[in-house]
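Q: Each protein sequence line maps, in turn, to chains B and X.
So the first sequence is numbered by the working numbering: it starts at 3 and just counts up by one.
So the second sequence is numbered by the working numbering: it starts at 3 and just counts up by one.
Just so you know, the hints here were simulated from the structure itself, not pulled from any lab data.
Wrong hints could be hidden among the right ones.
For chains that are exact copies, the list does not tell them apart, and a pair is met inside one copy or across any two.
[Said to hold, decoys possible] As a list, the in silico SDA-like pairs of lysine to any residue whose alpha-carbon atoms are at most 20 Å apart:
no. : residue 1 : residue 2
1   : 32        : 107
2   : 123       : 55
3   : 145       : 106
4   : 36        : 87
5   : 84        : 122
6   : 7         : 101
7   : 115       : 5
8   : 36        : 85
9   : 145       : 111
10  : 77        : 137
11  : 32        : 116
12  : 129       : 23
Read off the chains here:
Number of protein chains: 2
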Amino acid sequence: MFFSKGCEYAIRAVIYILNETAKGGRIGVKSICKNVEAPESFTAKVLQDLSRRKVISSIKGPGGGFFLTEDQANKPVINLVKAVDGDQIFQGCGLGLAQCNEASPCPLHYEFKPIRDQLVKVLSQTKMADLASAYSKGTFFLKVE
Amino acid sequence: MFFSKGCEYAIRAVIYILNETAKGGRIGVKSICKNVEAPESFTAKVLQDLSRRKVISSIKGPGGGFFLTEDQANKPVINLVKAVDGDQIFQGCGLGLAQCNEASPCPLHYEFKPIRDQLVKVLSQTKMADLASAYSKGTFFLKVE
DNA sequence: ATAAAAAAGGATAAAAAAGTCTTAAAATGA
DNA sequence: TCATTTTAAGACTTTTTTATCCTTTTTTAT
Numbered sequence: 003m004f005f006s007k008g009c010e011y012a013i014r015a016v017i018y019i020l021n022e023t024a025k026g027g028r029i030g031v032k033s034i035c036k037n038v039e040a041p042e043s044f045t046a047k048v049l050q051d052l053s054r055r056k057v058i059s060s061i062k063g064p065g066g067g068f069f070l071t072e073d074q075a076n077k078p079v080i081n082l083v084k085a086v087d088g089d090q091i092f093q094g095c096g097l098g099l100a101q102c103n104e105a106s107p108c109p110l111h112y113e114f115k116p117i118r119d120q121l122v123k124v125l126s127q128t129k130m131a132d133l134a135s136a137y138s139k140g141t142f143f144l145k146v147e
Numbered sequence: 003m004f005f006s007k008g009c010e011y012a013i014r015a016v017i018y019i020l021n022e023t024a025k026g027g028r029i030g031v032k033s034i035c036k037n038v039e040a041p042e043s044f045t046a047k048v049l050q051d052l053s054r055r056k057v058i059s060s061i062k063g064p065g066g067g068f069f070l071t072e073d074q075a076n077k078p079v080i081n082l083v084k085a086v087d088g089d090q091i092f093q094g095c096g097l098g099l100a101q102c103n104e105a106s107p108c109p110l111h112y113e114f115k116p117i118r119d120q121l122v123k124v125l126s127q128t129k130m131a132d133l134a135s136a137y138s139k140g141t142f143f144l145k146v147e
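Based on the provided sequences and hints, a complete structural model is requested.
A: Below, the structure is given as C-alpha cells:
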C-alpha cells in the first residue's frame with residue numbers, strides 16, 4: 003500500500019524477532035520467514051541491509067541470528083521505513099510535477115500535505131517495540147493460522 | 003508518491019485537455035504530452051484506456067483528439083485514479099498482513115485508517131474541473147517553463 | 001582441527017511497471 | 001476515391017522490483 007514488499011517483510015520480521023528474543027536471544031532468518039510468511043532469500047537481503055545500517059543487529063555462526071538491542075527497539079518505525087524505501091513516500095509532488103512547492107503548488111498540494119504529515123507522525127511516534135507489544139497481546143497474526 | 007507514473011501523466015493530461023478545450027474543442031496526444039512533459043506513446047495508452055472506460059472522450063481523424071464532456075469534467079478525480087491504478091492504494095494492510103481487519107487489526111491498522119480515509123475524501127471531493135480551474139489561474143505549471 | 005550453523009555477498013532470474021514502435025482503423029476534407 | 005490526420009491496438013524493449021541460488025565468511029561446539 004504505502005511500502006515496498008521488502009519494507010513490509012522487514013516490519014513483520016522485526017515484530018517477530020522482538021517477540022522471539024524478548025529474553026535476549028537471537029533468531030535465524032529461516033525461522034523468521036517461516037513465521038511471517040515472507041520469501042526467505044529476499045527477506046534475508048533486506049535484514050542484512052538493515053543490520054549493516056544498524057537498524058537491527060546480527061551475529062553469525064551457531065547460536066547467532068538477528069536481534070535488536072534495547073536502543074534499536076526503542077527507535078521509531080520511520081527509521082526502518084526510510085532505511086528500506088528511502089523517503090520517496092514522504093516527499094515529491096503527488097502529480098509528479100517537476101515544479102511543485104509553496105510558491106507554485108499543484109492543485110492537490112495542500113490537500114496532500116496533511117496526509118503525508120500524518121503518515122510521518124504515525125511512523126515517528128510508533129516505536130518498533132510498540133508493534134511487538136501489540137503482537138504479544140495476540141490481537142493480530144503475522145501469518146494465517 | 004501515491005500514484006503510478008501512468009496515473010500521474012493522466013491527471014496532468016486531463017488538466018491540460020480541460021484547459022485547452024474549454025470551448026468544446028479536442029486536442030491531440032502529441033500536443034498534450036509536449037505540454038505536460040509526459041512520454042508520448044505510454045501516455046497515449048493510458049488515455050486510450052481512460053477513453054474506453056468513459057472517464058474521458060476521444061474522436062479519431064482530423065480535428066479529432068481527446069476531450070471531456072461537461073459530465074466527465076464534473077466527476078471526482080478518484081474515478082480516474084481507480085480506473086488507472088485500481089484500488090490497491092485504498093485497501094489492503096499496510097504491513098501486508100493476509101489477515102488484517104477490525105477483528106484482528108495490525109498494529110498500524112487504526113493509525114493508517116484516517117490517513118487512507120483522508121486520501122479518499124480529498125480525491126472524492128475534488129473534481130477534474132477543479133484541478134483545471136486552479137491551472138487556469140496560473141498558480142502552477144504542468145511543465146518547467 | 002574440523003564440522004556445523006548462521007549471516008554476508010554476488011550473480012542471476014522472474015515478474016511487473018514503464019516506455020517504444022509499428023501497423024490498423026476511423027474520420028475528414030479535397 | 002484518396003491522402004491525411006488522428007486514435008486504437010498489438011508486439012516488443014527497457015527498467016525496476018521482487019525473488020532465487022550459490023559461494024564465502026564468521027562463529028561456535030565438538
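Q: Please list, smallest to largest, the hint numbers that this structure does not respect.
A: Hints 1, 2, 4, 8, 11 are the ones this structure does not satisfy, whereas the remaining hints hold.
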